[in-house]
Every structure is written in structure tokens, then in C-alpha cells.
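Read top to bottom, the protein sequences are chains A and B.
My numbering puts the first residue of the first sequence at 1, with every later residue one more than the last.
My numbering puts the first residue of the second sequence at 1, with every later residue one more than the last.
What the hints contain is simulated information worked out from the structure, not anything from laboratory work.
One thing to keep in mind: the hints can contain errors.
To be verified - Below are the DSS-like pairs computed for lysine-lysine, each with C-alpha atoms no more than 30 angstroms apart in a straight line:
1) Lys-319(A) to Lys-193(A)
2) Lys-22(A) to Lys-124(B)
3) Lys-22(A) to Lys-193(A)
4) Lys-22(A) to Lys-241(B)
5) Lys-220(A) to Lys-305(A)
6) Lys-311(B) to Lys-48(B)
Unchecked claim - Output of the computed footprint for chain B on chain A, the stretches with three or more beta carbons under 8 angstroms from beta carbons of chain B:
7) 61 to 68
8) 71 to 78
9) 91 to 99
As the list claims (entries may be wrong) - Pairwise CB distance ranges, derived in the manner of DEER restraints:
10) Glu-250(A) to Gly-93(B): 55 to 61 angstroms
11) Thr-96(A) to Pro-328(B): 23 to 29 angstroms
12) Gly-28(B) to Lys-39(A): 31 to 37 angstroms
Computed from a predicted model, the values in this text were never measured in an experiment.
Glycine included, each C-beta is placed from N, C-alpha and C at the ideal position.
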Amino acid sequence: MAEMTYLQAISDGLRVEMRRDKRVFVIGEDVGVYGGAFKVTLGFQEEFGPWRVIDSPLSETAIVGGCTGAAIMGMRPVAEMQFADFISCAWDQLVTVAAKQRYRAGTPVPIVVRLPSGGGFSGGPFHSQNPESSFAHIAGLKVVCPATPEDAKGLLISAIEDPNPVLYFEHKHLYRRLKADVPEERYTVPFGKARVHREGDDVTVVTWGAMVHTAGDAAKELEADGVSVEILDLRTLIPWDKKAVLESAEKTSKVLVLHEDTRTGGFGGEIASTIAEEAFEHLDAPIVRIAAADSPVPFSPPLEKAFIPQVDDVVKGLKELAAY
Amino acid sequence: MAIAREAEPVSSLHEIREAGLDREDLLGMYRTMLITRGIEERGHILYKQGKIPGSFYTGRGNEASSVGVATAMGGDDVGTPLHRDMGVHVTRGVEPWRIFAQYMGRADGPTRGRDGNVHMADSKLGLLAMVSHLPAMLPVAVGCALAFRIREERRVSVGWFGEGASARGDCHEAMNLAGVRRLPIVFICDNNQWAYSTPTHLEYACETLADRAQAYGFEGVVVDGTDVLAVYREAKRAIEKAREGGGPTMIESLTLRMEGHAVHDDAFYVPKEMFEEWAKRDPIERFRSWLRENAALTDDEEDEVAASVKKLLADAINRAEESPLPDPSSLTEGVFATPEDLDTPHHK
Ligand SMILES: Cc1ncc(C[n+]2csc(CCOP(=O)(O)OP(=O)(O)O)c2C)c(N)n1
Ligand SMILES: [Mg+2]
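Sequences and hints are given; from them, build the entire structure.
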């Protein structure tokens with residue numbers, strides 16, 4: 001074990017795979033000499049050389065399309081979007097080409113796109129988004145949202161190993177705030193297996209990414225009221241661990257779904273409707289959804305605070321559910 | 001004044017020998033062009049008979065261009081041919097019956113009924129299946145070249161695009177990255193002068209599209225796309241240059257789309273004189289005359305080729321019609337790849 005930040009754990013996972021597998025390479029804007037906007041690939045170019053740590057032009061379409069071609073030729077590309085928001089420029093390559101190639105043409109596209117995402121630091125409308133739900137809707141893409149350093153490393157290695165296009169949403173707010181023990185050796189964290197972040201009996205929170213920690217803080221506050229909160233960290237949205245969610249819903253009979261992506265059309269709706277379809281008779285209260293407002297991510301701190309679900313919002317939702 | 005170089009025609013058997021083809025190769029190309037046109041003519045009939053669902057596209061007029069380029073590719077080279085490039089599939093060895101099965105949405109088509117018309121490719125033959133969105137395959141073709149460059153393999157990628165699709169940003173991003181990194185790729189522009197109903201002057205304002213190559217730091221060439229040997233020679237030069245580390249080339253191959261955009265389109269917007277003028281430069285007829293003049297193609301040889309192609313296509317249609325329709329219960333199979341899918345030569 002070694003103590004690592006969430007960011008160091010991502011770097012470590014990537015380095016481990018690049019050392020182990022010559023097919024793995026990194027491409028993105030400023031990933032080489034500069035080490036990436038957030039320094040995830042700091043020192044990589046010295047170790048792996050300029051043709052495995054490739055500084056690309058400002059060209060998201062060429063980055064993702066290029067990764068797709070290279071993957072079909074047998075490489076294991078890892079693309080970095082400077083910010084998750086810029087993935088919109090490569091939508092077509094992901095959704096039109098990469099996601100559908102296996103189904104149509106039988107050719108797998110094993111690429112990973114790393115997406116520094118999330119708000120909380122006045123990044124404004126174009127440097128703060130959590131667009132995971134948009135991609136969860138596209139057949140053929142996998143969606144990964146690690147919440148802890150250990151998962152950040154293990155899920156990244158799984159993503160590189162996976163024979164499909166994988167969107168790896170790394171939350172910027174967690175980069176340097178989270179620190180924990182991470183195994184030094186290579187390991188994988190399987191997709192589609194939720195992690196019980198906290199065990200409880202009275203209410204279940206289903207969430208992922210940075211909101212796992214918001215939920216954790218809220219759960220602590222509810223301890224004083226004698227309410228025991230279970231927190232399920234989904235880890236991956238595609239595939240998602242339906243079984244774990246339904247089991248927890250059956251156990252506590254009360255569910256709160258929480259995400260930092262916006263509310264309408266968000267993945268929380270999918271979870272809530274699945275619970276309603278398959279565990280209705282176990283519920284003692286309507287499912288509560290807490291998500292970001294249906295607006296662009298605002299810049300000014302009080303606005304952004306109102307946009308992103310806060311601990312207080314979750315506390316309020318949990319109390320209402322507990323009292324129902 | 002155009003910046004791009006204009007390719008010369010090939011004027012003798014000796015010249016084409018120097019470019020790497022002997023008489024037998026030439027007869028093979030002639031046969032491939034006949035098969036290419038034959039597949040599309042018969043496809044058109046099947047369509048009218050109601051045997052092909054959806055829409056139907058042909059590349060009539062582009063046979064020389066597609067066959068010329070594909071003939072210049074090496075066995076380990078790869079490419080992303082488009083909807084006018086049937087000749088590439090045929091040259092690389094796709095069996096015609098599988099193409100008819102694809103047209104008819106059968107289980108034995110290369111996409112097993114998951115996609116239609118020319119949206120197909122056999123990856124074992126080094127081809128990547130096109131998507132509708134144009135020219136979204138150009139960045140992908142660049143990615144293939146990037147893989148070759150990273151691994152220092154002497155392989156080349158070929159990316160096709162239409163003159164209409166040259167207007168989209170994918171084209172720019174692909175060419176810019178290829179230029180910056182001097183990747184082993186050849187860009188082929190099928191300039192058939194129409195993008196659906198849109199003429200060239202509403203798609204681009206430069207004199208030739210090949211002129212743009214200079215802006216990306218590589219060479220541009222304009223070639224008569226009805227002249228299979230000229231296309232072949234330019235493609236061969238460009239591919240070998242890329243293989244030797246000389247970076248990308250853009251070849252603009254000029255033709256006319258000899259039919260509507262697809263079967264539903266009667267091309268009323270194309271001036272009649274334009275069709276008449278280009279009909280005189282029919283690529284197959286041109287090559288046939290060239291072979292008679294320069295390579296002593298005989299009547300017997302012509303008859304033999306025509307008969308064998310006819311039989312091949314008739315058998316192919318029969319075999320395709322025997323292929324079953326896909327089973328609806330397989331609907332969601334293959335949305336995601338499994339680790340076993342990576343067990344291909346590319347992924348070793
Ligand atoms: C991005 C995109 N927009 C629109 C279309 C619809 N469309 C199909 S082919 C075509 C014209 C393409 O013209 P060109 O690139 O010159 O190729 P051609 O069909 O002439 O070979 C259009 C508009 C498309 N396939 N992709
Ligand atoms: Mg055109």
C-alpha cells in the first residue's frame with residue numbers, strides 16, 4: 001500500500017499499464033512536455049518517449065477518431081480531454097464511429113477517453129460539466145465514474161483492458177482532496193459492481209463520483225437523529241449494478257438517487273424507474289432524486305453552490321425520506 | 001493558378017510496367033472494374049425488384065478511381081473506402097455474394113444485417129467499415145497511420161472523402177494532424193462534382209481541393225479519375241512515399257457521378273451536356289480501348305472476361321438469396337465487444 005491522492009492513483013494506474021503493455025499510449029493536448037493540464041501525465045514523456053505520450057494539436061475530433069483507428073489497428077489508446085466539456089467536439093467520433101463499430105462491423109474499439117469533469121471551483125459553463133448521462137444513453141459506450149483513489153486506479157486499468165470504448169470520468173474536485181491507501185501492484189476493479197461506501201438500514205443513497213462524498217457527509221449528520229444511511233457507489237453507469245441497487249432498496253425500503261449531472265434526463269431517472277418497476281412493493285416512500293439544476297453550470301460561487309447538490313440538500317432529502 | 005500538380009496520363013505498356021504492373025495485372029484490373037460495375041448494376045435491379053430494403057447507392061463513373069487506388073495498396077495497408085468505392089472492396093478480395101447479402105440485409109453480409117448498402121468492410125482485408133457521417137472516417141484513417149508510425153511499421157493508411165465532405169471540420173483535423181506528424185497516409189478525394197444536388201462552387205472556393213494539401217504541409221495532386229492507370233500510378237507514388245517516411249499526400253480524383261445521388265434521385269439538376277460529355281470518358285470503356293491499343297487485348301479475351309464476370313455475379317446473387325435473414329432474437333448481440341473479439345491479427 002502507498003498513500004496516494006485520487007490524481008496520483010490515476011497516474012499510477014496509467015503508468016502501470018504503459019509499463020506492462022507496449023500497445024498503450026496517451027494522446028491529448030499538452031499531455032507531453034507539460035504533463036497535462038492537471039499533471040496526470042507528468043514525467044510520462046521522459047519515461048515513454050514522444051510517440052507514446054503524444055502532444056496533439058487542438059483537435060478533439062482527431063484525438064478520438066485517431067484513437068479509434070489506432071485501436072482497430074491493435075493499439076490501446078488512452079485519450080485525454082483537457083476538460084470533459086470538450087468531448088462535445090468529439091461526439092461524432094465517439095457516438096457515430098466508436099460506439100457502433102463493434103455492432104455493425106464486428107471490429108472492437110478498445111479506447112479509453114479520460115474526462116476531467118465536475119464543478120465546485122468556478123470553472124463556469126465550459127469547465128465544470130458532468131456529461132455522463134448523455135453518453136450512458138448511447139449503446140456501445142461504457143461509462144466509468146470513480147469516487148476513491150483505489151477505484152480510480154483499478155477502474156482505469158479495467159478500462160484500458162476492456163475491449164470497448166470507455167469514458168472515464170475523473171472528478172477534478174477529488175484530484176487533490178482525496179488521499180488514501182492504494183495497492184502498489186497492478187489490480188483491476190470490475191465494471192458493474194457497486195461498492196457499499198457505507199452500510200445502513202434506514203435509507204439508501206445511490207450515487208457515484210464526487211457525490212459519494214457529499215452523501216457521506218450528509219449521512220454523518222443523520223447519525224445524530226438515529227437514522228442509518230446506506231450509500232451505494234455505483235462506480236460504473238454502463239454497466240450499472242442493478243442487482244445491488246434493488247437489494248439495497250429492498251433492505252431499506254427508501255431510496256434517494258443523487259448525481260451532479262443535471263436532473264432532467266439524468267441517469268438518476270433510469271435508476272429510479274428501474275426501482276419503481278422492479279422493487280415497487282418493497283418501497284415505503286416515493287423515490288427522491290437530488291441532482292444539479294436544469295441550467296448550464298454557472299460561474300459565480302453562490303450560483304454554482306445553488307447548482308451543485310450540497311450536503312445540506314442531501315440532509316434535507318434524507319430527513320424527509322426518513323420521516324415519511 | 002492551381003498549386004497542386006496535375007498527373008500525366010500513362011501512354012504505354014512500358015510506362016505502366018515501370019510503375020509495377022504487367023499485362024496480367026492490367027487484365028485483372030479490367031475484370032475487377034467490370035465486376036464492380038456489375039455488382040452495382042445488378043444491385044440496382046434487385047432494388048427495383050424490392051429485394052433490397054432501404055436506399056441504394058452506386059459509384060458509376062468511379063470504377064477507375066477506386067480500382068486504381070486499391071491496386072496500388074500493399075497487402076498490409078489499410079483503408080476507409082466510401083459509398084462510391086465498391087472497386088476497393090472488390091480489389092481487396094471481398095466475395096461479391098457477400099456484398100449482395102449485405103445489400104439484402106442477410107445474415108451473411110459483412111455486417112450481418114446490422115447495416116446496409118456499402119456500409120461494410122472486411123477488416124481481415126484491411127478495410128474499415130464507413131459510417132454515414134462524412135468524412136468521419138478520415139480521422140480514423142489517420143489513427144491507423146498513427147499506429148503504424150508508433151510501431152514503426154512500413155504500412156500505409158488510405159482515407160477517402162468526397163469533395164462535398166471536404167467542407168466539414170473532420171477533414172481539416174485529420175489532415176492537420178497527419179501533416180503535423182508526417183504520418184503514413186494518403187488522402188483520396190473522390191471529386192465527382194456533386195454532393196447530392198450541391199455543385200462544387202457551393203462546397204469550396206479554392207481552385208482545386210488538392211491545393212489545400214500545401215496548407216497542411218504536404219503534396220497535392222489532381223488526377224483524371226476516369227483513367228485507371230493514371231490513378232494507379234499517382235496512388236502508388238503517394239503510398240510508397242508515405243511508406244518511406246515522406247508523409248501524407250492528397251490526391252484529388254476528378255470524375256462525374258454518372259447517376260443520381262442514390263436510386264431515388266434522377267439528378268435533374270445536372271446539365272444534360274455534362275452527362276453526355278463525361279459519358280465519352282467512361283472509365284471502363286477508356287481502359288478497354290487502352291488495352292486494345294497498348295496491350296493487344298483480343299476479342300476472345302474480352303468475351304472470356306465478360307462471360308466469367310456474368311457467371312460470377314449470377315452465382316453470387318443466388319448464393320446471397322440463399323442466405324437467411326438475421327434472427328430477431330440476435331438484436332442486441334454484439335453491442336459490446338468481448339475479450340475474445342480482440343483475438344484478431346490486428347490485436348496481437
Ligand atoms: C455529416 C453528414 N451530413 C449529411 C450527410 C448526407 N449526405 C450523404 S452523401 C451527401 C453528399 C456527399 O457528397 P460528397 O462528399 O461529394 O460525396 P459523394 O456522395 O458525391 O460521393 C450528403 C449530404 C452525410 N452523409 N453526412
Ligand atoms: Mg461528390
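Cross-check of the supplied hints:
no.: 1; hint: Lys-319(A) to Lys-193(A); result: 28 angstroms, holds
no.: 2; hint: Lys-22(A) to Lys-124(B); result: 23 angstroms, holds
no.: 3; hint: Lys-22(A) to Lys-193(A); result: 29 angstroms, holds
no.: 4; hint: Lys-22(A) to Lys-241(B); result: 27 angstroms, holds
no.: 5; hint: Lys-220(A) to Lys-305(A); result: 21 angstroms, holds
no.: 6; hint: Lys-311(B) to Lys-48(B); result: 21 angstroms, holds
no.: 7; hint: 61 to 68; result: holds (count 7)
no.: 8; hint: 71 to 78; result: holds (count 6)
no.: 9; hint: 91 to 99; result: holds (count 4)
no.: 10; hint: Glu-250(A) to Gly-93(B): 55 to 61 angstroms; result: 57 angstroms, holds
no.: 11; hint: Thr-96(A) to Pro-328(B): 23 to 29 angstroms; result: 25 angstroms, holds
no.: 12; hint: Gly-28(B) to Lys-39(A): 31 to 37 angstroms; result: 56 angstroms, violated
Of the hints listed earlier, the one the structure fails to meet is number 12.
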